[in-house]
Each structure stands twice: as C-alpha cells, then as structure tokens.
Amino acid sequence: AQTVTQSQPEMSVQEAETVTLSCTYDTSENNYYLFWYKQPPSRQMILVIRQEAYKQQNATENRFSVNFQKAAKSFSLKISDSQLGDTAMYFCAFMKPPGAAGNKLTFGGGTRVLVKP
Amino acid sequence: EAGVTQSPTHLIKTRGQQATLRCSPISGHTSVYWYQQALGLGLQFLLWYDEGEERNRGNFPPRFSGRQFPNYSSELNVNALELEDSALYLCASSSLEDVTDTQYFGPGTRLTVL
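The listed protein sequences derive, respectively, from chains A and B. When the first sequence is numbered by the numbering used here, its final residue is 553 and no position is left out of the sequence of numbers. When the second sequence is numbered by the numbering used here, its final residue is 156 and no position is left out of the sequence of numbers.
If you're looking for bench data, these hints aren't it; they were derived computationally from the structure. Some hints here could point you the wrong way.
[Unchecked claim] If you only want the chain A side, here are some residues facing chain B, beta carbon under 7 Å, derived:
| id | residue |
| --- | --- |
| 1 | ASN467 |
| 2 | TYR469 |
| 3 | ARG479 |
| 4 | PRO534 |
| 5 | ASN539 |
| 6 | GLY545 |
| 7 | LEU550 |
| 8 | LYS552 |
[As the list claims (entries may be wrong)] Residues of chain A clear of chain B, computed beta-carbon distances all greater than 12 Å:
| id | residue |
| --- | --- |
| 9 | GLN450 |
| 10 | GLN493 |
| 11 | ARG499 |
| 12 | LYS506 |
| 13 | SER516 |
All values reported here derive from a predicted model rather than from experimental measurement. Idealized CB from N, CA, C, for every residue including glycine.
With these hints in hand, go ahead and build the complete structure from the sequences.
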C-alpha cells in the first residue's frame, strides 16, 4: 500500500517570504500522480498543484511550485511571496494512474501553514 | 462554472440513527468520491462511484453505503451511527476526460454524533 508522509506538522512564515513544505511517499509504481491541496479554515479542499510522475519538469502554478525528485520519492511544495490568504492546512496526496487501484487519493497527515503579517 | 456542492453543511444525529449526506458533482463530471476526515485519523477514502456503479471502497464497515443517481449526484448513507463516525465528510468529483482524473472537492458536511 502507498504511504504519504508530511514530516512538518506546522510552519510559520512572514508575509512576502518563501516557505517550503516537504512530502515523501512510498510506492513501487513507476507511473502515478501527485497533488498538493490546501484546506483553509473554511474547510473547502482546494487543488493547489499537480504533477505527473512521467514528467521530469517540475510543475508551477503562479506562486506555487514543486520540487519533484522521483528517485528520492520526494515532492516538496514551495510557496513564494506568501500572502495572508495562504494560511491553511496543506495536504500532499498520491494517486495511481486512473483506473488502477480505484482512483483512490492517499493523503499525508497535513502541514499547517500560518502566514504572519 | 459551479463547483461541487454538498448538503447539509452540518448534521447532528444521535447514536444508532441513520445519516444521509448529499453531493452534486461539477457539471460534466461522472465520478464522485467520498472521503472521511476525522480528528486524529486524517483523510481516508470511503467510496468511489462512476456511471452509477460503485467502483471502489475503502476500509469501512458495510453500514457506510451510498449510491449515484442518473444525474451523477450521489448520496452517502451511514447506518447505526457510532460516536466515532463524527467527522467532516468530503465529496469530490472528477472527469474521465481529464487524463490525470484530478479530484475537485466540495465544502464538506460536518456530521456530529451525540
């Protein structure tokens, strides 16, 4: 079974600075998908960024970027120019290719990010 | 484009009762997923429905069940409620036309069992 580990329960960052969240996973699959979701206090789970394992190029989405190290099974998220609205719980998630293993997302335990003014 | 919607927002039940949670997917999405987010247990996969059929099930007892309707909306039913069923229940939807089958989540239903 796949496991996803987020080793940082909480992180704080000053507004406009950069913060990096770590995520490691365990799988024997060669092809899979990785995601970062954020869950603000409103509880709505919002997709931040996704990465296909077969793509070597790291995904970016505005101020959010990932460092995907397939051999190390590492998938970190960098938030640049942090904003107060980035305060949320961030979850790393793993999924096998669609159709395999029932499209199940396996989540890490989450990292709480607090952006301070 | 409207996102995934869930109702009710909050639901309070007593032990032994039944709870019904509802979810409407994003227009054009045929797959619906249910996850449980319980305190201390993290996010756990419950069920996956696609084209009206149950496609996959997580490690939950049979008293957790559901269905998907012809319009692709879905219901999650929890029978014989137990105190530990108190949690945020999240619904997500995806489109098989998306090669990554990315799941988009609704706001959740907070179930409290007294």
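### Task
Please flag the earlier hints that this structure goes against, numbers listed from lowest up.
Per hint list: 1, 7 and 8 violated.
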